[in-house]
Every structure is written in C-alpha cells, then in structure tokens.
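Enquirer: Chains as they are written, first to last, in the numbering used here: chain A, 2 to 136; chain B, 2 to 136; chain C, 2 to 136; chain D, 2 to 136.
Bear in mind the hints are in silico, worked out from the structure with no lab data behind them. Ideal Cβ positions, reconstructed from N, Cα and C, are used throughout, including at glycine. Keep in mind that the hints are not guaranteed to be accurate.
Claimed, not checked - Here are some chain D residues pointing at chain C (derived, C-beta under 8 Å):
#1 Pro68
#2 Tyr70
#3 Thr80
Claimed, not checked - From the structure, some residues in chain A lie toward chain D, with a derived Cβ separation under 10 Å:
#4 Glu32
#5 Lys67
#6 Tyr71
#7 Glu95
#8 Phe97
Number of protein chains: 4
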Amino acid sequence: MIKAKTKLRVRYGETDQMGYAYYGVYAQYYEVGRVEAMRLLGFSYKDVEARGVLMPVTDYAISYKKPAYYDDEVTVVTTISEMPKGARIFFNYECFNQNNELLNTGKVTLVFLDKAKNKPVAAPDWFLQELLKHF
Amino acid sequence: MIKAKTKLRVRYGETDQMGYAYYGVYAQYYEVGRVEAMRLLGFSYKDVEARGVLMPVTDYAISYKKPAYYDDEVTVVTTISEMPKGARIFFNYECFNQNNELLNTGKVTLVFLDKAKNKPVAAPDWFLQELLKHF
Amino acid sequence: MIKAKTKLRVRYGETDQMGYAYYGVYAQYYEVGRVEAMRLLGFSYKDVEARGVLMPVTDYAISYKKPAYYDDEVTVVTTISEMPKGARIFFNYECFNQNNELLNTGKVTLVFLDKAKNKPVAAPDWFLQELLKHF
Amino acid sequence: MIKAKTKLRVRYGETDQMGYAYYGVYAQYYEVGRVEAMRLLGFSYKDVEARGVLMPVTDYAISYKKPAYYDDEVTVVTTISEMPKGARIFFNYECFNQNNELLNTGKVTLVFLDKAKNKPVAAPDWFLQELLKHF
Chain A
2 MIKAKTKLRV RYGETDQMGY AYYGVYAQYY EVGRVEAMRL LGFSYKDVEA
52 RGVLMPVTDY AISYKKPAYY DDEVTVVTTI SEMPKGARIF FNYECFNQNN
102 ELLNTGKVTL VFLDKAKNKP VAAPDWFLQE LLKHF
Chain B
2 MIKAKTKLRV RYGETDQMGY AYYGVYAQYY EVGRVEAMRL LGFSYKDVEA
52 RGVLMPVTDY AISYKKPAYY DDEVTVVTTI SEMPKGARIF FNYECFNQNN
102 ELLNTGKVTL VFLDKAKNKP VAAPDWFLQE LLKHF
Chain C
2 MIKAKTKLRV RYGETDQMGY AYYGVYAQYY EVGRVEAMRL LGFSYKDVEA
52 RGVLMPVTDY AISYKKPAYY DDEVTVVTTI SEMPKGARIF FNYECFNQNN
102 ELLNTGKVTL VFLDKAKNKP VAAPDWFLQE LLKHF
Chain D
2 MIKAKTKLRV RYGETDQMGY AYYGVYAQYY EVGRVEAMRL LGFSYKDVEA
52 RGVLMPVTDY AISYKKPAYY DDEVTVVTTI SEMPKGARIF FNYECFNQNN
102 ELLNTGKVTL VFLDKAKNKP VAAPDWFLQE LLKHF
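The whole structure should be built from the sequences, with the hints applied where relevant.
Expert: Following this line, the structure appears as structure tokens:
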C-alpha cells in the first residue's frame with residue numbers, strides 16, 4: 002500500500018463567496034496528492050510523461066463532509082490500496098483540516114495512455130515493479 | 002423535468018499540458034449549467050442566496066469519456082429528473098463537444114442550507130412550487 | 002483598429018470570499034477577449050498555434066476601478082490600436098458590468114514565438130496582412 | 002523592509018497547452034507571497050479581515066521573462082520596501098525557478114477598505130506599528 006500525506010494551504014483565490022474553498026478546487030488538491038504518492042515510488046509524474054505515458058483521469062468522485070476555509074491547512078491523504086487493473090489505477094483520498102476534521106473523501110481512476118499511439122495500455126512494467134515493492 | 006443546455010468555449014487557461022481541458026474544470030462547467038437550469042425556474046442562484054439559502058455541493062461524480070480541447074464549444078446538458086429529497090437536490094449532466102461527441106457524464110448533489118443557522122433545511126416551498134410545474 | 006466586445010458571466014467559482022470576482026480571474030477574461038479580437042481577423046488563436054506560432058504574454062497590467070460580483074455580465078472590450086512592433090503585439094482592455102460601469106482597464110503585450118525554434122520572430126506576414134486591413 | 006520567500010510547486014492544473022504555467026496563475030502565487038509577507042508582521046490576512054479591513058487589489062502589473070513548467074519549484078520573493086501611502090500599500094515581486102532563473106517581476110497595489118462602510122481608509126495603526134518595526 003502507498004499512503005502519502007500532503008499539506009496545502011487554502012488560497013484566497015480558491016475561496017468562493019460562501020467563504021468555502023470552492024468545491025471544484027479539490028480536483029487540484031487531489032492531483033497534488035497523487036503526484037506526491039507517485040514520488041514515493043521513486044519517480045515524478047513528470048518522469049512518467051517523459052517516458053511517453055500520459056495518465057488522464059477517467060473517473061472522479063468526491064463526497065463533501067465539511068468545508069475548508071481560507072488559510073486552512075488541508076492535509077490530503079492519498080492511498081493506493083490495490084494494484085492497477087489492466088490500464089487503470091485507483092487513488093483513494095481523505096482530506097482533513099488543521100483540527101483533524103474530515104473534510105471530504107474521494108476516489109480517482111486514471112488510465113495509462115500511450116502518448117504516441119493515444120491508446121490505453123497496461124500499466125508499464127517499470128511502474129508496476131516499483132509499486133509492487135509496497136504491496 | 003428540467004433540462005437546460007449551456008454552451009461554453011474552452012479557454013486557454015483551462016487547458017493543461019496534455020492539451021486537454023483540465024479534468025478539474027468541469028466542476029465550474031457543471032456549476033454554470035446548474036445556474037442555467039435554475040434560471041428556467043424563474044430565479045437565479047443569486048436570488049436563492051439573497052433569500053437566505055445556500056446550496057453547497059455534498060457529492061460530485063464525473064466519468065470522462067473523451068477530452069475537450071482548447072477552443073472547443075462544449076454543450077453542458079443539465080437535468081433535474083427528480084424532485085428534491087428532504088434537504089437534497091440532484092442534478093445530472095452530460096457534456097458534448099461541437100461534433101456532438103459525449104465528453105463526460107456526471108451527477109451533483111446539493112444540500113439546501115439555512116444561511117443564518119448554517120443548518121440543512123428542507124427545500125423551500127417557493128423553490129418546490131416552481132420546480133413542481135415542470136414535473 | 003480592431004475592437005471586439007465579448008460578454009462573460011461571472012461564475013461562482015470565480016468569486017472569492019469578499020464576494021468579488023477574484024482579481025486573478027481577469028487574466029482569463031482578457032485572454033477570451035483577445036481570442037475574439039483575433040477571430041475578427043479571420044482566424045482563431047488555435048489556427049495561429051497550428052501554423053507553428055505561439056503567442057505567450059510578456060507583460061500584463063491591470064487597474065481595478067470596481068469589482069464584478071457573482072452572476073454579473075461582464076463585457077470585455079479588447080482593442081488593437083497599433084500595428085505590432087517587431088515580435089510584439091499589444092492589446093488594450095476595458096471591462097464593464099451590465100450597468101455599463103467601468104470595472105477595470107488593462108494592457109497585455111504578447112510576443113510571436115516560433116514554436117519549433119522556441120525563439121521570438123517578427124509577426125508573420127499572413128497575420129500582418131489581415132491586421133493591416135483594419136488600419 | 003519586509004522580504005518573504007515562499008516556495009510553490011507548479012500544479013498540473015496550472016499548466017496550459019503550451020506547457021507553461023498559465024500567465025494568469027501568478028496572481029495566485031503573488032497572493033500567497035503577500036500573505037506570507039504579512040505573516041512576518043505577526044498577523045495573517047485572515048486576521049486583517051476579522052478586524053473589519055479588506056485589502057482588495059487596485060493595480061497589478063507583471064513582466065514575464067521565462068515560463069515556469071509543470072512540477073517546477075517556484076520561489077516567490079515578496080518585498081514591502083516602502084510604507085503605505087494613505088490607503089495604499091505596495092508589494093514588489095520576483096519569481097525564480099529551482100535553477101535560480103528569474104521568471105517574472107511584478108508589482109501589486111492594495112487598498113485598505115473599511116468592510117462595514119465599504120470605503121478606503123488609511124492603513125490601520127496596528128498594521129503600521131508592526132510594519133514600522135521593519136523600517
């Protein structure tokens with residue numbers, strides 16, 4: 002299992018007139034969490050793209066429990082709890098505020114895509130080998 | 002049933018380095034679609050807030066079929082196909098590009114919140130009355 | 002002279018907790034206005050990139066007079082009032098709300114960049130020829 | 002003089018299809034830098050608003066020298082080099098990438114606004130007192 006914790010502070014520009022961190026901003030927070038989870042495997046997502054593999058999102062779901070507010074410190078907990086299935090890989094999320102209150106939970110599915118062919122491909126061996134060390 | 006169609010053109014700042022409209026941008030597109038769906042009821046979301054009711058999102062899920070690209074004209078089809086349940090209201094989405102290709106489908110659940118009390122409340126009567134005319 | 006008027010409605014996600022359209026959002030509004038100004042020349046910015054020319058921004062300045070609020074209809078008036086100088090082209094801006102109140106004024110300078118060489122180049126002839134028709 | 006250094010990593014959602022951090026994203030980076038500069042005074046911008054003072058931006062100018070790319074670590078250097086003039090305060094900026102290359106320089110002017118009266122006011126004494134310690 003991979004578990005990464007990333008801290009992000011809510012920016013003013015990320016709030017909306019309700020005073021909440023806008024519901025759409027978590028897509029970015031989750032993306033940042035995902036990248037930090039991958040770094041635990043020994044490579045950055047930038048490296049992944051440099052090797053000719055893109056990883057677009059195919060499914061994204063989020064349940065909001067509590068809002069985050071301006072200047073809150075949000076901890077994004079990103080978990081990879083299962084090995085990729087074919088071309089797909091799954092990330093689970095929990096966000097907490099500085100009082101350790103659960104803000105939201107979510108799940109994101111990404112697909113491995115051959116950049117040159119623009120086609121889904123099985124998770125690359127070099128990716129799986131690093132990931133397997135954690136399972 | 003309420004069905005609203007809203008056209009949005011993908012902005013340069015909404016693309017990412019894959020050349021796709023960033024996966025997180027659809028939260029805004031869906032929000033715009035939602036607002037247009039409400040306008041068919043005879044009021045704007047701005048009016049709703051002015052009446053002391055906030056409508057934060059509690060659940061958001063989206064499945065991506067195809068990416069949108071820069072300068073694409075995206076049609077957001079927003080549907081309210083059932084009456085609110087207690088404090089909750091449900092919006093369903095489909096996005097299409099200018100070639101009528103399905104880009105993604107999604108569902109958003111919002112909760113009616115009494116602004117002064119910061120508590121969920123049943124959908125207001127004036128909201129339900131307008132909505133009922135479409136069912 | 003080229004003058005383009007583009008209407009944009011302030012999205013909820015573009016507001017901040019002051020209730021203003023976030024000061025950073027006008028970079029996108031100006032970008033949209035710029036693209037519409039170019040369309041009056043007979044091509045889209047997408048076409049420009051397809052011909053191997055990128056147009057990144059080198060200078061951007063904006064003066065805010067009044068805020069825009071959620072659901073306001075903002076008119077972006079984009080003007081090209083002088084021919085490009087070497088590799089540089091200049092866009093001037095005024096934004097108004099639905100009450101015709103001036104929200105802000107600005108100026109953006111872009112540079113023509115050869116995509117393959119990643120070097121500034123003089124404005125392409127096909128661009129200048131179309132532009133000259135308006136001067 | 003106040004000088005704050007803030008590190009930010011370019012998010013995927015902040016890139017555009019040129020592969021650059023979108024030119025509009027620096028408004029947020031500068032905002033984050035500004036907040037960190039204020040923290041050196043012993044209060045957060047959140048505190049400022051809680052005391053009934055808003056600080057909207059009146060002028061913003063930025064000159065881009067080099068783009069930042071995805072996953073770059075950007076250092077925002079924020080400087081307050083002069084005392085506020087009446088209701089106005091000035092922040093100067095320089096952004097660098099991880100190779101210490103200058104990415105852009107900028108200047109932001111904010112106005113102190115009485116939240117209740119919605120009117121510009123002279124910089125509050127408690128603000129000036131803390132600031133003076135650095136001059």
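Enquirer: Against the structure shown, which of the earlier numbered hints fail to hold, in ascending order?
Expert: 2, 3, 5, 7 and 8
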